[in-house]
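Given chain A, work out where chain B should sit, using these hints.
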Amino acid sequence: MSDTPVKHFPRPTPETEAYWQGCRKQELLLQRCKQCKEFQFYPRIVCTKCASEDVEWVNASGQGKILTFTIVRRPVSEAYAADVPYVVALIRLDEGPTMMSNVVQCDPEALQIGNPVHVLFEDWSEDISIPQFSPAKSLT
Amino acid sequence: MSETNSLRGQVAIVGAADTEVGKVPQLGATALCVEAARRALDDAGITKDQIDGLVTCNSMAEPHMYHAEAIAEYLQIFPRYCVTANAGGGTTFSVLQNAASAIATGVCETVLISMADSLRSGLSREQAMMLQSSTGHPQFEVPYGATVPAYYALIARAYMDEYGATPEQLAAVAVNARSHAARNESAQMREMISVDDVLSSGMIADPLHLLDCSLISDGGAAVILTSADRAADFPHDPVYVLGAGEGHGHEHISQARSLTTSAAVESGQRAFEMAGLGPGDVDVAEIYDCFTPVVLIELEDLGFCDKGEAGAFVEAGETALDGSLPMNTHGGLLSHCHPGNPGSMFALTEAVTQLRHGAGDRQVKNAEVALVHAQGGIMSSHATLILGREGSA
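Sequence lines, in order, name chains A and B.
Going by this note's numbering, the first residue of the first sequence is number 42, and it counts up by one from there.
Going by this note's numbering, the first residue of the second sequence is number 3, and it counts up by one from there.
Bound-form chain A, shown alone:
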């Protein structure tokens, strides 16, 4: 191991691999149940509403709203220290599901619950890109 602190890299699993491949192509993928049409996140082998295994991948709009957020002043580890203060938020996607993310390219102090945001991707490696969100232009 090198001494350089490294952020926590997600390790894709069989049911999440398509999601991470989508991120690599700057596409935010959600699952939708072909039986009951429910959208879901995170990826699973079953529909959380009707337990059908007939779930398909669809491109999300990448649009959502801030459900809640915090500004982290003390980083979780050295690897995140350069980002302080950084925003951790829950984003309610327009399709319905909620996901955790960072809100970036913004003044953290100016953010409010309900602000519209859109997805962008930060490349961490050749395999992993992380979806993050940024406020709509009028707020930046």
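Calculated directly from the structure, the hints in this document are not laboratory data.
Computed from a prediction, not measured in an experiment: that's the story for all the values here.
Relax, there's no trap hidden among the hints.
Part of the chain B face toward chain A, derived, beta carbon under 7 Å: (1) 142; (2) 147; (3) 152; (4) 159; (5) 160.
Here are the in silico distance ranges between beta carbons for each label pair: (6) 75/A with 67/B: 39 to 49 Å; (7) 155/A with 231/B: 56 to 66 Å; (8) 65/A with 280/B: 48 to 58 Å; (9) 62/A with 283/B: 50 to 60 Å; (10) 157/A with 164/B: 16 to 26 Å; (11) 170/B with 155/A: 20 to 30 Å; (12) 126/A with 392/B: 49 to 59 Å.
If we take Cβ atoms under 10 Å as the criterion, some of the chain B residues that face chain A in the derived model are: (13) 132; (14) 148; (15) 205.
Just so you know, even glycine gets a beta-carbon here, dropped at the ideal spot from N, CA and C.
Structure of chain B alone, referenced to chain A:
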């Protein structure tokens, strides 16, 4: 429901003890667990060979693959019921329901529940933070750099936004805990604080200040349970388990059904139903306080206040020793100690002390019924216990 109702009054706590808490570098996490067990055995006036059931929780500082078995081996006891519980801070009371069921069904007679960790001395600050934040989802939460305070800050902001709770009301929870810790010689932090002290203590993860966050501690605590028929044979007044209930809403906060109403609704209702009691019957409450906003949500979800009203309730002094609902009488996780998963055990031993009328300067007068509530994860798994001096309340 008759099966769960049948637990009421069948099992009693006959031994309870804490180790020294705070900074205890002379004992590792395994030794703290054994020391808590030894003290609880002394308190119950029995020998280790009378224990035939053992429950522990794993330690972060000294993990064992099979923790309860390792503690049994260390103590050289040979139980017929041996469980390592693993549900974070809610662990303590959900296993109590489990252990009480084992006694009520005759699986075993006398169960020792002992839990300890040394987050303060057994781990570096960064190790403790990393280990605790790994409660987040490894793919969909942890990469974003959230700390445990940050996860709870997400709840705090949503709650304040929905109900108009103020930073001062959150701070009042910390002040309440400290005022009780000041009367408790064993508490880690005893110097009195004010609302202003909390608000000026530095922002950790908005809107949570340093003093809105619980402590990082070493320590352990243990209780001994047996059947109500045998409880009179022990030196102290037995404390009966009247009600127990669990509620499990999610594991990861980004999957929560609601950020502002928790599964404490279900755990509380189930515990009260078993006990045949309601919030108005509770004389003293020990409510999980890893962060100040958690207490407000739990007070409401357990039925002590309407939604959105707990802040004003605490601010008005209702949770002080002379208030209508004395709460966190030992100082809680905010001021007594918080060694991680075992944290709620100290609320349990405090409830036993209060119901034995042995709490000295911080005794709640004529306490007959206590409620203890804990949750683990990020407001994920909730467990509520109702305890009483009379088994047939």
